[in-house]
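Asker: Once you know that position 5 of the sequence shown is 5 in UniProt numbering, the rest is easy, because the numbers rise by one and skip nothing.
Derived by calculation from the structure, the hints in this document are not laboratory data. Keep in mind that the hints are not guaranteed to be accurate.
Between beta-carbon pairs, the in silico distance windows are [stated by the list, open to error]:
id, residue 1, residue 2, range
1, 20, 109, 25 to 35 Å
2, 61, 109, 16 to 26 Å
3, 119, 63, 36 to 46 Å
4, 64, 119, 35 to 45 Å
5, 29, 69, 17 to 27 Å
6, 41, 100, 24 to 34 Å
7, 61, 97, 19 to 29 Å
No residue lacks a Cβ here, since even glycine has one placed at the ideal position from N, Cα and C.
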Amino acid sequence: MRPSPSCLFAASQSKPLRTALLPPIPLYRRLLRLHRKHLPAGMRILGDEYVKAEFRAHRNVDNPAQLIGFLSEWQNYAQKIEGDAWVGEKIDEDKMAKMSNEQVTRLYELMQAIKTHQEGNGG
1 MRPSPSCLFA
11 ASQSKPLRTA
21 LLPPIPLYRR
31 LLRLHRKHLP
41 AGMRILGDEY
51 VKAEFRAHRN
61 VDNPAQLIGF
71 LSEWQNYAQK
81 IEGDAWVGEK
91 IDEDKMAKMS
101 NEQVTRLYEL
111 MQAIKTHQEG
121 NGG
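Model the full assembly from the supplied sequences, consistent with the hints where possible.
Answerer: Below you can see the structure in the form of structure tokens.
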């Protein structure tokens, strides 16, 4: 017996739609273009430096799971930048709990750089 169209529709709606992961270089270029289009100059410089440093640091990653996680998080970030959904958003506690000490340290350094930049611009 074949499932009815309404049953198929309901099943397709229960799963979130996933887009295919972009390869590293096209994703990297997309991020820089999005920064150019959606971020103010000061934030763009900081964002571009961070993206470049992260992609450089992950250039020689051999672990497929780590690479997929890295690319999928950057792709999620790109989608948020496109939709301006990132403004004022807080980091999910589950993601924070999964971060290594090094990642938390880098996040803290990024937060400090943003605060310093905002204070320097009267923000």
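Asker: The structure should be examined with respect to each hint, and the outcome stated for every one.
Answerer: For each hint, the structure was consulted:
no.	hint	in the structure
1	20 with 109: 25 to 35 Å	holds, 32 Å
2	61 with 109: 16 to 26 Å	holds, 21 Å
3	119 with 63: 36 to 46 Å	holds, 39 Å
4	64 with 119: 35 to 45 Å	holds, 41 Å
5	29 with 69: 17 to 27 Å	holds, 20 Å
6	41 with 100: 24 to 34 Å	holds, 32 Å
7	61 with 97: 19 to 29 Å	holds, 22 Å
Violation of the numbered hints given earlier is absent; every hint is satisfied by the structure.
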